[in-house]
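Engineer: Each chain, written out:
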Amino acid sequence: MKRIITILLLGVTGYFVADAVFSIPFGVDKLNIAKEYLLNSPEELKVANTVTAVVVNFRGFDTLGEVTVLFLAATGLGSILFRRRKYHTGLNPQREAPQASRIVQVGGKLLFPLILLLGAYVFIHGHLTPGGGFQGGVIIATGYLLLLVSFRKFAVKHSSLTWVEAVAGVTFAGIGLTGLVFGKDFLENFLPTGVLNSLLSGGIVGIIYVAVGFKVASELTGILDTMLSIKVEVDEENEEN
Amino acid sequence: MVADPILYVALPLLTAFLLPIIGKINKELIRIVPGLLFAFLVYNSIALFSKVSATHTPIIVEIAGWAPPIGINLVYSSFTGFIATIISVLALLVWAYSYKFKKLEFDNSLKYFVLLMLVTAGSIGVILTGDLFNQFVFLEIVALSSYPLVAFYRGRNGAEASFKYLLVGGFASLSILLGIVLIYSQLGTLNMADIAAHIDEMPRNIKIVSFTLLFLGFAIEAEMFPLNGWAPDTYSQAPGPIGAVFAGMTAKAGIYALIRMIYTIFDFSGAFEILLIMGVITLVVSEGIALRQENLKRMLAYSSLGQMGLLMIAFGINTKTAVIAGMLILFNHAVIKSLLFLSSSFLVYNSKDKLIKDAYGMGKKLPLTAILFGIGAFAIVGLPPFSGFWGKLYLLMASADANLLGLIALILAVSVIEIVYYFRVVNGVYFKKSKTEIEVHKPRWNASLAMIILAAAIIVVGIYPNIIYDYLVNAADTLLDKASYISHVLPNLASN
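Chains as they are written, first to last, in numbering that gives the first Met the number 0: chain A, 0 to 240; chain B, 0 to 495.
Just so you know, these hints were derived from the structure itself, not from any lab. This one's a predicted model, so the numbers in the text were calculated from it and none came from an experiment. Hints should not be assumed to be uniformly reliable.
Stated by the list, open to error - Negatives, chain A to chain B, calculated, CB over 12 Å:
#1 A47
#2 K108
#3 K152
#4 V169
Stated by the list, open to error - Among chain B residues calculated to face chain A with C-beta under 7 Å, some are:
#5 P19
#6 A66
#7 I69
#8 I140
#9 S144
As the list claims (entries may be wrong) - Below, in silico cross-link-like pairs of lysine-lysine (DSSO-like), each with a Cα-Cα straight-line distance of 30 Å or less:
#10 B:K99 x B:K481
#11 A:K1 x A:K34
#12 B:K163 x A:K1
#13 B:K319 x B:K441
#14 B:K351 x A:K156
#15 A:K34 x B:K481
#16 B:K50 x B:K319
#17 A:K156 x A:K108
#18 B:K23 x B:K99
#19 B:K99 x B:K26
#20 B:K351 x B:K364
#21 B:K364 x B:K319
#22 B:K99 x A:K152
#23 B:K441 x B:K351
#24 A:K152 x A:K34
#25 A:K34 x B:K23
#26 B:K206 x B:K319
#27 B:K26 x A:K156
#28 B:K481 x B:K319
#29 B:K50 x A:K183
#30 B:K441 x B:K26
Note that the Cβ used here is the ideal one computed from N, Cα and C, for glycine as well.
Same shape as in the complex, but just chain B (with noise of 0.2 Å):
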């Protein structure tokens, strides 16, 4: 069977557009056709990640038959390759999981699954492309698809977080193109590589409105405080599996975006703190806020938030080590907190206001989901043998080695709090009685099967760190080595 790097966006939208026709033949393969998409995706992610891994060398997918700096391209390389096959796995597991979600009839079935698969294509294509306006337009796909998933449930919050993350979101839209324009107007191209290698000859003043312009508009999809105010508001009105797709694939996209931008196209050596000073604040913000909810899906949408805190601070920070720990974090967050969304989502299944009150008493009548949210629950704290554990080991690591010991005490002081309403939950979940009587959804074994996998993978790589440590030391290099990756994409650059 082939697999090309290509095939992770062009599928997903020929299957996307094909849908509706699939549809009128028959309504069950509406939800059949997207499991055998993801499915190959995945199968695409294992040949193509395990032959990168082998030879270092990163794949270079020419669009169109023009070398990069004329056509568009794809760079799949060790760095962008373990973010695929993260999102991709995870696609696969959230359609186990919705496969028979009870709330979708066939029209909705139809409109989720298409999303679905188009926010997949468009979260991966951001991370593969090696084209700035390329991402623009993928970062629209991610952006236009999220909208009607937050409004899915067609209420009128639902349809109030999804305005608000439209206005927000077409801003971010608006500052991304801008600075891509003053890109253009300078250096006449926009491929990554090429821009990267004569960003030196923009002028100084329009460099810095660019970079400006493009990382506040990265940094909105990436929900960065102060600019995240719309994202708890839509984690808790989407349906329960699209948490998982919101921390686990957009929000990646977004900071990939943001990493690329300051790794490689700019050399501001000042951005990393920038970086590193937004995740601190984002980070302390959203779990003290995250520690007073009432509500479950908005405590660990502010959770989530601190999590993309976590990851600014290690990708700011600079040195290998911490980018492996931000590696570590990025796994860790795809993996954990869809874990905890989908889990979450069956406790407080029938309850309408989602309240973490409501969800008191499910440890003995759904045991099953109760164990996994509470995996979920003591892996995103830090505590061994979770995987949760070593991304928080590697940054205390690299925060030492950077000798930062005020952000050693604040992080630990941090996972404090998380501790503290994290294991409030647990304890109500497990050791209190439902005052309300609600009536219990058990999940599915499709939906079950997917949580235990995320559990299981949360468990092995928390027991056996070293089945994904050379991967990350891989992508860490490659992310570290610009001149490489300029070298890659445009080998003719130095005779020209």
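Looking at chain A on its own, in the form it has when it is part of the complex (with noise of 0.2 Å):
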């Protein structure tokens, strides 16, 4: 019975919500605040690729909360993820595991330097070429996720994730404080925006993506070897029984 309400409720919530979405007329222009931006990016801000500039500087703010939001997920994970054993091993049960094959090992140890140069381009190009922080970062993510799944006994350093976790958001938060400094918004761009199309185009737009991209990254990359690493807690209740 509960099952049949249950079904019949989502029916009826799934036609509301299914008929709202279906009528949004897809393909047909109601650009109201988007044609500001297509405007404005390459002419004002000298940013050639627009989703950018939307997401660093019209909406940089929601980026800097996003940015945040991560922080607080790689923050948060260890304090939900743990395990509780009546033993107590030295070693996680996931790194006892036998050693990758020679040749995902050799594999992945040609493949990370490589790994690590595309991500870089593409954050250190957010603003001219599709991509940016949030992909970049990502990618150099799944370079030290090649690692540690070929290499058991390799271990990210955390003392230096944490430094660059932290100067890449005091660098984001700052840059939006110094915009204050010069009398401007917060956010706002204070440098030179230089000529559309070229590296050292669209002023602080460049230099907060390559912060969110180290960001993105040290943070995803601190966020995988946390669950490959779940804390085993002795439960030290149950070990005196």
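If you follow the hints, you should be able to join the two separate chains into one complex; please do so.
Structural biologist: Written as structure tokens, this is what we have:
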């Protein structure tokens, strides 16, 4: 009975939501704010990639928030993900598994620097080509994932992750606050914008995206490392029994 | 010194990112720096709020140099500024209270203070922002910093409460996001004032669905019945001071988002009745459950949900007196509930199950804490001369003005229930003997100071309500005047 009511309710809700979603006129020009974005990002900001201009400049405040959300996810994961065991093992069970094959190890070693290079390329050119800090950061984190998978003993240094994470975050918020020092708004550009389509264009947009790249890379690497090395805590009460 | 609404958000984020490095220099700085930050936020509040009260015009802050409909903006008005001030003062007091928290070691204290700063920044961001998507981002920050705080003690129950909250909170986020998507698809804008100005252009079916989705999401964050099943667990599992944070900050952020949506963004007149009815149900159900609780923290949590119900009733009546009553209840809930959570956590400090009977006899062992808890309990049920009295009085006056006589009877009846379960605890604390020997943990001077300041605020506002009354009238006027909100944020709208 309960199940039938649930299905009925879901059906009614689904019908109304679907009705609303399908009546969105796709492909029709409904550009209200968006046309300002399209117009202003090459003209005033000298940012070739409009998506980047929206993410880092027009709605940069949201991006700062999203970076914080990621930071929180990385911070909070450790406090929710943990296991209690009756016995104490020095090593984490996943790390006791046999080593990956030679081919994976050599391939991982070969690919790792190339992946880092690609990631760095993507976030450095975020204001020119598709991609940017988030995408570049994720690419770098996949490089670390490859190493973590191929070498059981490989561990990321947490203190260096903390430093990268902190410096990148402070750069983002600090650049935003520097705008206030120059008498401008928070996150407003205060640097010369340069020539459209060149590497050094767009003012603070490029710098912020590089910082976002570092931050995303270090946080995702941290999350991967946390997930692979879930803390095994000794359950003292059960141990006594 | 500078004072700018943007600093409410920018500085805590900067400090939170910086704190791990600061901790490497000197461990003691981890505790000190957040306090300096919160002190600055309080200064910021005082400077800005006195300016807004003097000029009666909201401060509109543009971000990244783009005027409101294009860029994101913050609106610091007498309404939003009042709530932001309460939150920043509360953050400073919670910091003072937990400065030497015994259970905080180095790693934990770093995490604790980072989360405390971010939950403060997120709650204030929700309240100050003038952009719907930005509000969603800040609600995410609030939610994501609450999950680890609930599971802070790494126990099985904490993890369970946190996971429950995570699932419900995830659903809330999804619902809010879908509502925002529908609005954006129709109006092509995310600015609240811009949406409010063009809301009549939306097709009716989409408007109803997006309203429902947003209402659902915000109601979960505002702890409205029946969407509040997660709340008592989170309140009772989180560390003591975090209960104050949840009651005073995150619940306020949720109810604010709900109020802003109903009062400003949408133009449904029936929305007020929904809020009123849901408020009545929340109040009755929560207080009824609170009566049966054996666990002190759970009792306070259900009582807190009841207060949220009162808030919804006040804002659902939608008259000027009712909004003033709502602001008073909001102030009272933040201050009194925080005092109750902070003091009760010493009453049952070393007790494992935090039962009410574990606090028996504490009146002699912890005289100061017990009297502070007593003040909080007397204030929350609405006895004069405490500030809780004025909130309830104005609410009764507003209901009488609106000819809702049944509501008056209901609020008074629920107050009797409140008196029963709060006086049971106070009676136990003073006049019953403890059966079990539980080691007493005395509050340090910093914790006592934080609690005394809260109690002093309750008594001062209770005796001289006029010191905040004028601000509340301003705040109520600001909230009710939708047209001036739109014209302040978008001065060029008429010319387009």
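Engineer: Check each numbered hint from earlier against the structure, then list the numbers of those it violates in ascending order.
Structural biologist: Of the numbered hints given earlier, those the structure breaks are 4, 6, 10, 11, 13, 14, 21, 22, 24 and 25, listed in rising order.
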